[in-house]
Amino acid sequence: MSDVPMNSAAVAAPGAAAPRWLGVALPLALLIALAVFPPIASALGLDFYIGFVRRVLVVALAAASLNFIMGFGGMVALGHAGFMGVGAYAVVVLSDAGVGSAWGMWAAAMGVAALAALVIGAVSLRTKGVYFIMITLAFAQMLYYVFVSLRSYGGDDGYTLMARPALGGGLNSADESTLYWVVLALVAAVLWWMDRATKSRFGVALAGIRDNEIRMRALGYPVYALQLTAFVLAGAIAGLAGALLATGNGFVSPSMMHWTQSATLIVMVVIGGLGRRWGGPLGAAVWLVLEEVLKLNTHYWHMPLGLLLIATALYAPQGLAAWGGLRGLRQLREGSKP
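Using my numbering, the letters of the sequence shown correspond one by one to residues 20 to 357.
No lab work stands behind these hints, which were simulated from the structure alone.
This one's a predicted model, so the numbers in the text were calculated from it and none came from an experiment.
Just so it is clear, CB atoms sit at the ideal spot from N, CA and C, and this is done for glycine as well.
A couple of the hints might just be wrong.
Here are the simulated distance ranges between beta carbons [stated by the list, open to error]: (1) A62 / L238: 31 to 39 Å; (2) F270 / A116: 32 to 40 Å; (3) G188 / W212: 18 to 26 Å; (4) L137 / G188: 16 to 24 Å; (5) E232 / P58: 44 to 52 Å; (6) N231 / L324: 31 to 39 Å; (7) G119 / R170: 42 to 50 Å; (8) A237 / L315: 52 to 60 Å; (9) K218 / A332: 25 to 33 Å; (10) V165 / L327: 47 to 55 Å; (11) L190 / Y68: 16 to 24 Å.
Turn these sequences into a full structure, and let the hints steer you where they fit.
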């Protein structure tokens, strides 16, 4: 494994230069802050934000799953939201069939999304570059139109769940705080697993393929199998995100899997930091918070978000998680001095 390109390991663990304790203390502090948020929000009469932060957590999970294949694996997929939609509709179909367990629904959603990713990845990964992008886009749009045509599940208008599935164990899924804590625990666990996966032999090999596929083939690595495995894992996690989103919102729509949603996920990853440990979650949080704030204050809320993307490309090309923005602003300030 020592023959894997060294720069791949460096990119996979960008925070290596920081104190080791900081890499544990910051996530732990954030987890504690998120855990105590619901009672504080309820006490202040801000119950709406419990659902909003839960949505941020779910989208952060989806963005992290895309970063897993795009940032660490070099596979730019313009159809990742399709797996979210598959997971969301799995909840609807199972609910309509009489399944009442949320855990069973979420597991099934991951399985169905993984199967879809296996089929799509098996075909798409036989191509490279722009052809891979276009094939993933084509598959996602096929899924979109399939669910638009399903009139029994609302078609283009979407479908509303009659009730949230049961969590069991004395947990009340109808309670916003309870569902929030369950989602937080799941998201934290999956993000931790993904972080470990990127630092494992599998993750380092995947980054090596991204950096120099020809060399990795020459070294005997099963490039296609490794990429397909990563693609399926990312699809399953995106399916879980879609299932959690459907459970929390109580509503699903084909618009969830439209190509514009996949493009938004890509933008989130780019803003947060492509191939960075917290790139996906950070980009999702920044994007959704700004979107929520700007929607309340202007009709032209897309424009500032576009400016954010431009500023990121100019002054933080490695993403906000790489602290490139701070360095860029410092250079800009020093350059403006007479």
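How the hints compare with the structure:
no.: 1; hint: A62 / L238: 31 to 39 Å; result: violated (58 Å)
no.: 2; hint: F270 / A116: 32 to 40 Å; result: violated (18 Å)
no.: 3; hint: G188 / W212: 18 to 26 Å; result: holds (22 Å)
no.: 4; hint: L137 / G188: 16 to 24 Å; result: violated (32 Å)
no.: 5; hint: E232 / P58: 44 to 52 Å; result: holds (50 Å)
no.: 6; hint: N231 / L324: 31 to 39 Å; result: holds (35 Å)
no.: 7; hint: G119 / R170: 42 to 50 Å; result: violated (25 Å)
no.: 8; hint: A237 / L315: 52 to 60 Å; result: holds (55 Å)
no.: 9; hint: K218 / A332: 25 to 33 Å; result: holds (28 Å)
no.: 10; hint: V165 / L327: 47 to 55 Å; result: violated (34 Å)
no.: 11; hint: L190 / Y68: 16 to 24 Å; result: holds (21 Å)
Violated hints, listed in ascending order, are 1, 2, 4, 7, 10; each of the other numbered hints is respected by the structure.
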